[in-house]
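2 protein chains.
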Amino acid sequence: MNPVFEAFWYILPAYFANSSPVVLGGGTPMDFGKKWKDGRRILGDGKTWRGFFGGLTVGTLIGVIQYYLMPSYYGSLGLALKLAFLLALGALVGDLIGSFIKRRLDLPRGYPAVGLDQWGFLISALCFAYPVKTIPTGEVLFLLVVTPLIHWGTNVFAYKMGWKSVPW
Amino acid sequence: MNPVFEAFWYILPAYFANSSPVVLGGGTPMDFGKKWKDGRRILGDGKTWRGFFGGLTVGTLIGVIQYYLMPSYYGSLGLALKLAFLLALGALVGDLIGSFIKRRLDLPRGYPAVGLDQWGFLISALCFAYPVKTIPTGEVLFLLVVTPLIHWGTNVFAYKMGWKSVPW
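Listed in order, the protein sequences are those of chains A and B.
Numbering of the first sequence is given in full-length UniProt numbering, commencing with residue 1 and proceeding in unit increments.
Numbering of the second sequence is given in full-length UniProt numbering, commencing with residue 1 and proceeding in unit increments.
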């Protein structure tokens, strides 16, 4: 398989999980408005249960579609499901860790943490999925280089479509 | 070779290149005080020629020492030199790209760009060295997870030793 194609194909559930809360989000915040011991919000209003479970569902469903499009890459539907679920969960957990760190540094919600926003969810997704199925080093490095560019491009797009209040 | 040991051994020249400008830095800034078209400095006073060539020299010398400690890992002094030089150059260039992005976002010099500061130099070093010699995916993911912790720890240490004016 072409390595550029494989890299994107592999990471697709993580990309979908990371971007779907922008559309599916809203509702009760995951921290229920609670504060950490530093007096600041644990995660902030940007992280909601609907966004989390929406992202997890969308990411896992992408894996089902991927399996039916290319069953040989996965071997079984079970593995495709497990992989997509872990990539989505890793992406979402990485994003939550990022929000937690940003709140501790007192960065306002939606404020860009350059690097953390673009790489955090990706690195977390790659780590969560690693025990089930992984990609070669060269493809990981490729994703680390192109994801910030894609992340920036899609955020500007989401901002222009009115889905996000800030262009990052 | 133990994968945790190999990961650290492999990346050592990049770590040294990235941290030595703190001690060896100062002097003429690499942008010669010039401004970008947005009216802000290209890189800022934190990036100097002495820091750059100091980091490149230290990183490459680490590779020489590593070769004499473990020649079998490299096969030849030439490869050890080339690898250490590329890891050091990649780390320093990644740091410069980070400074350039931070200046464009109008973050003051020394202001933390969470993620960019910890991952930028590492990802850049891994990419520069990739064509010469690389490490498996699992070791790359390990370095991506532990480097921010080490980076944060050493910066706090450098701050407490009076080598840095801010603890990040």
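Note that these hints are calculated values from the structure, not bench results.
Only a predicted model underlies this, so the values are computations on that prediction, with no experimental measurement involved.
One or more hints might be untrue.
Under 8 Å between C-beta atoms, here's a sample of chain B residues computed to sit facing chain A [to be verified]:
hint	residue
1	PHE8
2	LEU12
3	ILE97
4	ILE101
5	LEU144
Backbone N, C-alpha and C define an ideal beta-carbon position, used for all residues, glycine too.
Evaluation of the interface hint that places B:LEU12 against chain A, nearest CB under 8 Å: 18 Å, violated
Closest C-beta approach of B:LEU144 to chain A relative to 8 Å, hint status: 5 Å, holds
Interface hint outcome for B:ILE101 [beta carbon to chain A under 8 Å]: Where the cut-off is 8 Å and the nearest Cβ of chain A is about 6 Å from B:ILE101, the hint holds.
Restraint outcome when B:ILE97 is required to lie within 8 Å of chain A by C-beta distance: 11 Å, violated
Chain A contact restraint for B:PHE8 - C-beta distance below 8 Å: At 16 Å from the nearest chain A Cβ, B:PHE8 fails the 8 Å test, so the hint is violated.
Hint compliance for this structure: hints 1, 2, 3 are not met, and every other hint is.
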